[in-house]
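**Q** So the chains spell out like this:
Protein chains: 2
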Amino acid sequence: MPKPPPPPLTIGVDIGGTHVRLLLVADDGQVVNRAHLPAIAGDPTEVVRPVSVQVNRWRGAYPHIFRLGVACAGWVDADGRRVHQSPNLGWHDVRLADLLETLCRLPVRVENDVNAALLGEHAAGAALGQRNCVAVFLGTGVGGGVITDGHLMRGAKGAAAEVGHHVLDPNGPLCTCGRHGCWEAYSGGAGMVNRAREAIAAGEKSSLASLPAVTTAEIMAAATAGDALAKRIWGEACRRSIQGMVNLAVLFDPEVMVVGGGVVAANPTLLACIKDGMDQEPPFAGLTDVHLVPAALGDDAAALGVALTTGV
Amino acid sequence: MPKPPPPPLTIGVDIGGTHVRLLLVADDGQVVNRAHLPAIAGDPTEVVRPVSVQVNRWRGAYPHIFRLGVACAGWVDADGRRVHQSPNLGWHDVRLADLLETLCRLPVRVENDVNAALLGEHAAGAALGQRNCVAVFLGTGVGGGVITDGHLMRGAKGAAAEVGHHVLDPNGPLCTCGRHGCWEAYSGGAGMVNRAREAIAAGEKSSLASLPAVTTAEIMAAATAGDALAKRIWGEACRRSIQGMVNLAVLFDPEVMVVGGGVVAANPTLLACIKDGMDQEPPFAGLTDVHLVPAALGDDAAALGVALTTGV
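The listed protein sequences derive, respectively, from chains W and U. Following this note's numbering, the numbering of the first sequence begins with 809 at its first residue and continues without gaps. Following this note's numbering, the numbering of the second sequence begins with 809 at its first residue and continues without gaps.
Simulated from the structure, these hints should not be mistaken for laboratory data. None of the values given here were measured: they were computed from a predicted structure. Check the hints yourself; a few may be wrong.
The list makes no distinction among identical chains, and a pair is therefore deemed to hold if it is satisfied within one copy or across any two copies.
[What the hints assert, rightly or not] List of simulated lysine to aspartate or glutamate pairs, EDC-like, C-alpha gap at most 20 Å:
1) Lys-1039 with Glu-1006
2) Lys-965 with Glu-1089
3) Lys-811 with Asp-851
4) Lys-965 with Asp-1097
5) Lys-1039 with Glu-1012
6) Lys-1083 with Asp-957
7) Lys-965 with Glu-1063
8) Lys-965 with Glu-909
9) Lys-811 with Asp-906
10) Lys-965 with Glu-1012
11) Lys-1013 with Asp-906
12) Lys-965 with Asp-1087
13) Lys-1039 with Asp-1097
14) Lys-1013 with Asp-835
15) Lys-1013 with Glu-1063
16) Lys-1083 with Asp-887
17) Lys-965 with Asp-901
Could you build all of it, start to finish, from the sequences and the hints given here?
**A** What follows is the structure in structure tokens.
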């Protein structure tokens, strides 16, 4: 009897401003190999070349690699070919799929990194088997993705589910997007740091004032230690996350809401705080029986997501 | 040569708290016949019987009727069989599809009336041919629906797109849902009337105080005539509608946003006000090139929507 052919493999690449991660993945989600490359911001061809070298090295060792998925920070067109804009990478209108197809001779699909992370959690993580789910990642910013009736919601221009930029209070703090009171301005790490700096500059007393530079981790630590300013900023970040999550539940009626990201990883009590807050809301259709779960795949989520769904 | 068979027809029924409307519709969207029945709130079998009489009368006259779609105010399960809850009709857990299938011997699908109206606008109205669209209906309440990548978003429990109950400011006025600052509390007709009553009861001077009962139409008329209270309430309703629409554009990234409902029909300047407000927002992906259009089908939208999409 002939030997059965080796299982088909796909490669998932996650290109961010601070990391380039490659996973070689079997169809059942098993990670067969992994590689990390130093991040290079700047010219897309310079960023892409070391990726193609690693891909082609793996193709020599594993002959059954048949596609490549790429997760990329920024606004990716809905057809999965072009990075319209990526502030993190300093890219504008980059035909990333064409570039990599030329260098690797494999079919390529590009996906926004947050959407990719949700696809990963949906294919092999915290949202496995759910038909309607919302993912929210609380980090420097507040990102999100939505799967509705089993399909990733990309929108007309690939820009859907910008959950961090829905406005929770038009009189709120200024956001990087130019509007006031976006969820991200309250609950993103960068927003929290800005508000601490502003308060200190305005003369407010705080243990944070003596630090050379305020970080999100220090705000969380100071809040735990009882610092009034840090408690206020952290408390508001939590309360606004409850409002944001309730809004998404009401708008999307998901079975599961996945919460992840650096701020949650650094302070797991945030998830309990959001859950308590949602439980105390008046009953409402979309809020009934929503399961709030922590993200399960950590930093692998996006690369795994594009590897497992690129052919879909 | 034999005569070609007559074209297949479907019936769309719109059951609301104040109206029951039936349309007999050809596959191309042409309305072949129509009927209006008096609204009966109360026992579902009493409401459904005259509908079935009209359906069976049409079946006698038109032999090629092959399905029935029903639009119903309230929370309809995602599988289109059961009305989970309809405050307008006083219904709870009504197996409406079963009831009508027994009486009419036709396959039946039930849809929430606002989703049905969006399906109508998408199949034959203002959102014709668009793959991603959001509809918002500003009336007594604020209702909405979403089509993403060509599919109606129903959510896990059929409760998705409750756009009027996403919170625009947690310190805002009390909403009927028990929370504060929902879009509906600001911009729904009932919310506007409540706020006028409260201000008058608190002693605020207004031309509205002399009226036996305040209505939305009177608030709009008084605002136009320069009444300070009416102008404040109407102005806030407009500003909050801009915030709500911007949030939906950022979350859903649609090609088209359809705006309809009684409040818009009674005051077409509202649409221009929302459009101006959205145009003045800082540029943002989901907001770019969004077309804001008035609903085109009026009161026929929901019945037409279920008639044209029931087999889909």
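**Q** For every hint, state whether the structure bears it out.
**A** Going through the hints against the structure:
no., hint, in the structure
1, Lys-1039 with Glu-1006, "within (15 Å within a copy, 36 Å between copies)"
2, Lys-965 with Glu-1089, "between (34 Å within a copy, 18 Å between copies)"
3, Lys-811 with Asp-851, "neither (45 Å within a copy, 68 Å between copies)"
4, Lys-965 with Asp-1097, "between (32 Å within a copy, 10 Å between copies)"
5, Lys-1039 with Glu-1012, "within (13 Å within a copy, 39 Å between copies)"
6, Lys-1083 with Asp-957, "neither (24 Å within a copy, 31 Å between copies)"
7, Lys-965 with Glu-1063, "between (26 Å within a copy, 8 Å between copies)"
8, Lys-965 with Glu-909, "neither (22 Å within a copy, 41 Å between copies)"
9, Lys-811 with Asp-906, "neither (36 Å within a copy, 55 Å between copies)"
10, Lys-965 with Glu-1012, "neither (43 Å within a copy, 48 Å between copies)"
11, Lys-1013 with Asp-906, "neither (54 Å within a copy, 67 Å between copies)"
12, Lys-965 with Asp-1087, "between (35 Å within a copy, 18 Å between copies)"
13, Lys-1039 with Asp-1097, "neither (31 Å within a copy, 41 Å between copies)"
14, Lys-1013 with Asp-835, "neither (55 Å within a copy, 70 Å between copies)"
15, Lys-1013 with Glu-1063, "neither (44 Å within a copy, 49 Å between copies)"
16, Lys-1083 with Asp-887, "neither (35 Å within a copy, 28 Å between copies)"
17, Lys-965 with Asp-901, "within (13 Å within a copy, 39 Å between copies)"
The structure fails to meet hints 3, 6, 8, 9, 10, 11, 13, 14, 15, 16 from the earlier list, while all remaining hints are met.
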